[in-house]
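From first to last, the protein sequence lines are chains A and B.
Each residue of the first sequence is one higher than the one before, counting from 1 in our numbering.
Each residue of the second sequence is one higher than the one before, counting from 1 in our numbering.
Honestly, the hints are just simulated from the structure, not real lab data.
Do not take every clue at face value.
[Unchecked claim] Distance condition first, Cα-Cα at most 25 Å in a straight line; then the derived DMTMM-like pairs of lysine to aspartate or glutamate:
(1) B:Lys250 / A:Glu47
(2) B:Lys425 / B:Asp532
(3) B:Lys250 / B:Asp224
(4) B:Lys264 / A:Asp175
(5) B:Lys350 / B:Glu487
(6) B:Lys202 / A:Asp34
(7) B:Lys329 / B:Glu58
(8) B:Lys232 / A:Asp59
(9) B:Lys488 / A:Glu47
(10) B:Lys602 / A:Asp95
(11) B:Lys181 / A:Asp175
(12) B:Lys602 / A:Glu47
(13) B:Lys581 / A:Asp159
(14) B:Lys581 / A:Asp175
(15) B:Lys184 / A:Asp159
(16) B:Lys184 / A:Asp59
(17) B:Lys488 / A:Asp159
(18) B:Lys350 / B:Asp50
(19) B:Lys64 / A:Asp160
(20) B:Lys250 / A:Glu54
(21) B:Lys488 / A:Asp59
(22) B:Lys232 / A:Asp160
(23) B:Lys232 / A:Asp68
(24) B:Lys264 / A:Asp306
(25) B:Lys520 / A:Glu54
(26) B:Lys581 / A:Glu54
(27) B:Lys61 / B:Asp254
(28) B:Lys135 / B:Asp254
(29) B:Lys520 / A:Asp95
As the structure is a prediction and not an experimental result, all values here were calculated from the model.
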Amino acid sequence: MAAYIFRRLLWTVVLLLVITAVIFLIFYVLPSGDPAKLRAGRTPSPETIAAIREQLGLDRSLPAQYWDYIKNLVWHFDFGTSYTNNQSVKSLVFDRLPNTIFLVLGAAVIWFVSGVVIGIVSATRRGTLWDRVLMGGALIAISAPVYWLGLVSLYLFSDDIGVWHVFPGAGSYQDAHGFLAKAHTLILPWLVLAAAFAAIYARLLRSNLLETMSEDYIRTARSKGLSERRVVLRLGVRSAITPVVTVLGLDIGILMGGAILTETVFNIDGVGRLAFDAIQRGDLSTIQGTTLVLAFAVAMMSLLVDILYAFLDPRVRY
Amino acid sequence: MPRSVLRFVLAGALAVLAFAVVACGGDDNNGSSSSSSTTKATSSSDVGTDNTKAANVEGKKGGKITMLAGSDVDFLDPGHSYYTQGYMVVYPTQRTLYSFKPQDSVKPVPDLAASDPEISADKKTVTVKIRPGVKFSPPVNRAVTSKDVKYAFERFFSVNVGGQYPAFFSSIEGAPAEPTKGVKPISGIETPDDQTIVFHLKEAAGVPVAAALVMPVSAPVPEDYAKKFDAKNPSTYNTHVVATGPYMVKNDADGNTVGYKAGKSIDLVRNPNWDASTDYRPAYLDEVEMRTNASDANVASEQVLSGTHMLFDANPPANIIKKVATEIKDQYVQVPSGGYRYFPMTTTIKPFDNVNVRRAVLAGFDRNAARLARGGKFTADLPTHFLPPDFPGFEEAGGYDGPGFDFLSKKNEQGDPALAAEYMKKAGYPSGKYTGNEEFLMVSANVDPNKAQAEVAKAQFEKLGFKFRLRLVPQDAVYNDWCQVPEKKVAVCGGAGWFKDFVDPQSMLEPVFAGYTIPKSGLNNNMAQLRDPKVDAAMKKAALLDGPERLKAWGEIDKMITNDAPAVPFVWDKTTLLRSKDVNGVANGYTTTWDFSFTSLK
Chain A
1 MAAYIFRRLL
11 WTVVLLLVIT
21 AVIFLIFYVL
31 PSGDPAKLRA
41 GRTPSPETIA
51 AIREQLGLDR
61 SLPAQYWDYI
71 KNLVWHFDFG
81 TSYTNNQSVK
91 SLVFDRLPNT
101 IFLVLGAAVI
111 WFVSGVVIGI
121 VSATRRGTLW
131 DRVLMGGALI
141 AISAPVYWLG
151 LVSLYLFSDD
161 IGVWHVFPGA
171 GSYQDAHGFL
181 AKAHTLILPW
191 LVLAAAFAAI
201 YARLLRSNLL
211 ETMSEDYIRT
221 ARSKGLSERR
231 VVLRLGVRSA
241 ITPVVTVLGL
251 DIGILMGGAI
261 LTETVFNIDG
271 VGRLAFDAIQ
281 RGDLSTIQGT
291 TLVLAFAVAM
301 MSLLVDILYA
311 FLDPRVRY
Chain B
1 MPRSVLRFVL
11 AGALAVLAFA
21 VVACGGDDNN
31 GSSSSSSTTK
41 ATSSSDVGTD
51 NTKAANVEGK
61 KGGKITMLAG
71 SDVDFLDPGH
81 SYYTQGYMVV
91 YPTQRTLYSF
101 KPQDSVKPVP
111 DLAASDPEIS
121 ADKKTVTVKI
131 RPGVKFSPPV
141 NRAVTSKDVK
151 YAFERFFSVN
161 VGGQYPAFFS
171 SIEGAPAEPT
181 KGVKPISGIE
191 TPDDQTIVFH
201 LKEAAGVPVA
211 AALVMPVSAP
221 VPEDYAKKFD
231 AKNPSTYNTH
241 VVATGPYMVK
251 NDADGNTVGY
261 KAGKSIDLVR
271 NPNWDASTDY
281 RPAYLDEVEM
291 RTNASDANVA
301 SEQVLSGTHM
311 LFDANPPANI
321 IKKVATEIKD
331 QYVQVPSGGY
341 RYFPMTTTIK
351 PFDNVNVRRA
361 VLAGFDRNAA
371 RLARGGKFTA
381 DLPTHFLPPD
391 FPGFEEAGGY
401 DGPGFDFLSK
411 KNEQGDPALA
421 AEYMKKAGYP
431 SGKYTGNEEF
441 LMVSANVDPN
451 KAQAEVAKAQ
461 FEKLGFKFRL
471 RLVPQDAVYN
481 DWCQVPEKKV
491 AVCGGAGWFK
501 DFVDPQSMLE
511 PVFAGYTIPK
521 SGLNNNMAQL
531 RDPKVDAAMK
541 KAALLDGPER
551 LKAWGEIDKM
561 ITNDAPAVPF
571 VWDKTTLLRS
581 KDVNGVANGY
591 TTTWDFSFTS
601 LK
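Just chain A, with the same shape it has in the complex:
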């Protein structure tokens, strides 16, 4: 196992290098706008643009620019400087990353637990009213866009602009100090972010579990007199949950790159919002930094999922 993890980590490094090259090509060879021109203000002369290009290092050859970027990244863990406000991209990203992690992990716990519970109940009570209500609810949750759901929840339940003053409103996260206070302000964002994921997981688990429960070894277990609860939880769910865990890992990784809509509606300073602002302002170095974080998160979560596989499924060996 240790050798496998080591190999995977090495591959992750290679993968990240490839990703940096791809990002670099996308944003520097096919840029949406020239950062030098954007920074030059109104009526810039060609000389002004050239001077800024030199200042930003954009006048150098692409391989030289890429080499500088990688060198600074690997040697100094330096993500560069924002083109629009001269701030260190590393500080911008890592200042916001804990907020995104807190938001995503909290929501992931909610969606995973509720998705699994709903999936099990629906599968074990297939065709009943319970099944239909739960799956109908899941359909609504999947259909509701996060942005819309966030706005509606704020207009209904936030303690400033809501009809019923139940949960802290948008922007309250940055005023809260301490784990519990921050967690309290995240209840509504967690629920909103988790809603669609929980619904998808519930449907996924339900269909996997239904398939698993018709397997021969389940029938054998039942015929040997195991309780239904034990059959479902020990044998059925354990097998059916493996693909769900795979998806969970990838979803968490992707959201680490930013739950942009949730962060926007609830005014949480996260990586997603930073990326969105950077895209709007054509701030290539910040876009690069946030994309790299996303890529790293996905790679790490993918590794974690593969390791978890070995524990969930005894047949898997590395």
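Following the hints, position chain B against chain A.
Then chain B, alone, in the frame of chain A:
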């Protein structure tokens, strides 16, 4: 439960939810023409709260206000800042040579300067006296001298600082033609004593240079303190900036602006070295916290309207503007944005080289539809020429009624197909429509409202028989990579805007329509590529004038340009600012933002 019944119940539930959202949002579907708004909403004082009255209120001293803002400042450094968000911090924290009281956005008043600028008879020298007793905030703690203003200008031209409007001061003798490496002296700026600064000019540009002394670059920067920051490339003075105004960005003993968290918040506190007796600002508040990450404008607007001690920075969504204008009424201020938005038609591309074709486009253009794409009548007035409301030269150019050309008047706000056909016939198209087969290029941003307004424009051109291909590109590429590059052959730019930098009509018309400003290479602001010798000659003559004659001359030039029809002016924007009930919010018509130095708690 039968499956069909369940489906019915689910459909019903979804419908209820959908209605709930519609009720939360509201709309701005003003299909009708709104000539009444263009005639009525004429100034900042007759819509929403009376801003002049609010500015004259003796405010309550003390307290803290929180401002919700959708985006961060560009820079805190007065030598680098160029956009509205930045100005919102620069003006309460810095004392530029001249600035604007909220009661008057047309006539600047001496700020760091002790009196009006003295312009020599040949218009080649501008002398400014500096007010004594103005001090820098900690950790500098010393009196400002004219040398600090000189240094501010010199560093502005360096690539390390990156001043963004050097063209306004390029007529100063010795002003670098390209950004300098490191801060270099400028021979044309003299400081004969600590309270006097003299600008020697290469040409008779005294009037526009004096007008431009309201820009942030004229705020003093202490060389002895800033030199080490400016030596870095880029300069790090932005995060060590010191203040001369009533407020300062909270800093530590070393001058690090700890109150600035990029993309999150800016904490403005009182500048302990500010002397009220040297300033016209009352500075009632003790502290202003700007939250520059209020990312959802709908939510932030509602928070401000229902909350206390809060302001919203600028222009909430159209549904909120409609709500405050029609329901709440007293929690907002509107000020003219000091600019115009227009669709330039490239006059070097046939048939737009024919003035009657261009007039036909203007005559048939439904400008109200384009305005609806930007939010409707509560967000802008419909122009009848170019110089915007509450701007010098506006009345001389015809005011709201316009210069009287039938192809751009209040009568054809929704377009007049018959009149458009008449002009097309005059242009040599007997059918009243364009009959060519070529496809023209229009370029616009790929996000609303710019995308929506470009789609409206495309439809207007197509009504006259033109075929257009609308190319949608990222916002930051629209001008730099397309509309401002003549080689790209963009026939119509799907939306351009020109807003004031300082209050002088020359700065609003010359860069956009003077034929002699079209560069041989580089970015071109005259997107229509208008080269009218009469207009050019009139501009050169008017540049030398002063006082009422100057306004009259530029008003006439505005009429000449409108008669040339190089572009479709489609909105004069208004900026809407929201406040909580317990805030006496005062807007500044120059910066078109809240003025923290006059705003107070009730």
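So, going through the hints one by one against the coordinates:
| no. | hint | verdict |
| --- | --- | --- |
| 1 | B:Lys250 / A:Glu47 | 36 Å, violated |
| 2 | B:Lys425 / B:Asp532 | 23 Å, holds |
| 3 | B:Lys250 / B:Asp224 | 21 Å, holds |
| 4 | B:Lys264 / A:Asp175 | 12 Å, holds |
| 5 | B:Lys350 / B:Glu487 | 15 Å, holds |
| 6 | B:Lys202 / A:Asp34 | 33 Å, violated |
| 7 | B:Lys329 / B:Glu58 | 22 Å, holds |
| 8 | B:Lys232 / A:Asp59 | 19 Å, holds |
| 9 | B:Lys488 / A:Glu47 | 21 Å, holds |
| 10 | B:Lys602 / A:Asp95 | 36 Å, violated |
| 11 | B:Lys181 / A:Asp175 | 43 Å, violated |
| 12 | B:Lys602 / A:Glu47 | 51 Å, violated |
| 13 | B:Lys581 / A:Asp159 | 18 Å, holds |
| 14 | B:Lys581 / A:Asp175 | 22 Å, holds |
| 15 | B:Lys184 / A:Asp159 | 56 Å, violated |
| 16 | B:Lys184 / A:Asp59 | 23 Å, holds |
| 17 | B:Lys488 / A:Asp159 | 53 Å, violated |
| 18 | B:Lys350 / B:Asp50 | 48 Å, violated |
| 19 | B:Lys64 / A:Asp160 | 19 Å, holds |
| 20 | B:Lys250 / A:Glu54 | 33 Å, violated |
| 21 | B:Lys488 / A:Asp59 | 23 Å, holds |
| 22 | B:Lys232 / A:Asp160 | 45 Å, violated |
| 23 | B:Lys232 / A:Asp68 | 19 Å, holds |
| 24 | B:Lys264 / A:Asp306 | 37 Å, violated |
| 25 | B:Lys520 / A:Glu54 | 22 Å, holds |
| 26 | B:Lys581 / A:Glu54 | 50 Å, violated |
| 27 | B:Lys61 / B:Asp254 | 29 Å, violated |
| 28 | B:Lys135 / B:Asp254 | 17 Å, holds |
| 29 | B:Lys520 / A:Asp95 | 46 Å, violated |
Taken one by one, the earlier hints fail for this structure at numbers 1, 6, 10, 11, 12, 15, 17, 18, 20, 22, 24, 26, 27, 29, listed in ascending order.
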